[in-house]
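Student: Fit chain R to the known structure of chain X by using the hints.
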Amino acid sequence: SQTIHQWPATLVQPVGSPLSLECTVEGTSNPNLYWYRQAAGRGLQLLFYSVGIGQISSEVPQNLSASRPQDRQFILSSKKLLLSDSGFYLCAWSPELGTNQPQHFGDGTRLSIL
Amino acid sequence: AQTVTQSQPEMSVQEAETVTLSCTYDTSESDYYLFWYKQPPSRQMILVIRQEAYKQQNATENRFSVNFQKAAKSFSLKISDSQLGDAAMYFCAYTTYKYIFGTGTRLKVLA
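Here the protein sequences line up with chains X and R, keeping their order.
Note that my numbering has the first sequence beginning at 1, numbered continuously upward.
Note that my numbering has the second sequence beginning at 1, numbered continuously upward.
These are computed hints drawn from the structure, not numbers from a lab.
Certain hints may be false.
To be verified - Below, simulated DSBU-like cross-link-like pairs (lysine-lysine); rule was C-alpha separation at most 30 Å, straight line:
| no. | chain 1 | residue 1 | chain 2 | residue 2 |
| --- | --- | --- | --- | --- |
| 1 | R | K73 | R | K55 |
| 2 | X | K79 | R | K98 |
| 3 | X | K80 | R | K98 |
Looking at chain X on its own, in the form it has when it is part of the complex (with noise of 0.2 Å):
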């Protein structure tokens, strides 16, 4: 089965320190990729896409960088965060565009920034 992994789980980092936060899916191939923010008490903004290795498509300009290395990895950066950048960070894939499979989603990153 497929599964998905998101860490870390909690960060908290200094305005103008630099992330990291990674993703990976198991159990499936060529799978499309999502970076999602959810501000509190707010709906889930998209923030990057992905279709493949290395095609990344980005919905909202902003401070934030993604990339997709390999297949089934999809990480998000920043080189300086901002106090705006605090939030929570969910990872999520699905099979394949236009169908009616639902994306799956990891269990988020709560970022704080001081």
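Tutor: Below, chain R without anything else, positioned relative to chain X:
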């Protein structure tokens, strides 16, 4: 641009009663898919129910059912016999090639 709107930030329901959560969306596509996700306090996103736009029949999963009105672009979720474990944030989502989520409705279940 495609959008998903959940106009009820918060809803309450008495245990064992029925509640309906609203969702509307805007799209020019004719073929798409709709989902309801549940996010309990643990923050994990759990799929509740899905609907294909080409199907006229409303989807049903045990106590959960939808009222899909394609012409009105409406996709409401009905929870019957509400249980304490149903308390969560509920997100409506739309997809063709990428997913768009609503802002969520917080459901409280009163004992």
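Student: Hints first: check each against the structure and report whether it holds.
Tutor: Checked hints:
About 14 Å separates the Cα atoms of K73 (chain R) and K55 (chain R), which keeps this hinted pair within 30 Å; it holds. Distance restraint check for K79 (chain X) and K98 (chain R): the Cα-Cα separation of roughly 27 Å lies within the 30 Å cut-off, and the hinted pair is therefore satisfied. Between K80 (chain X) and K98 (chain R), the direct Cα distance comes to roughly 28 Å. Compliance with the 30 Å bound is thereby established for this hinted pair.
Violated hints are absent here; each numbered hint is respected by the structure.
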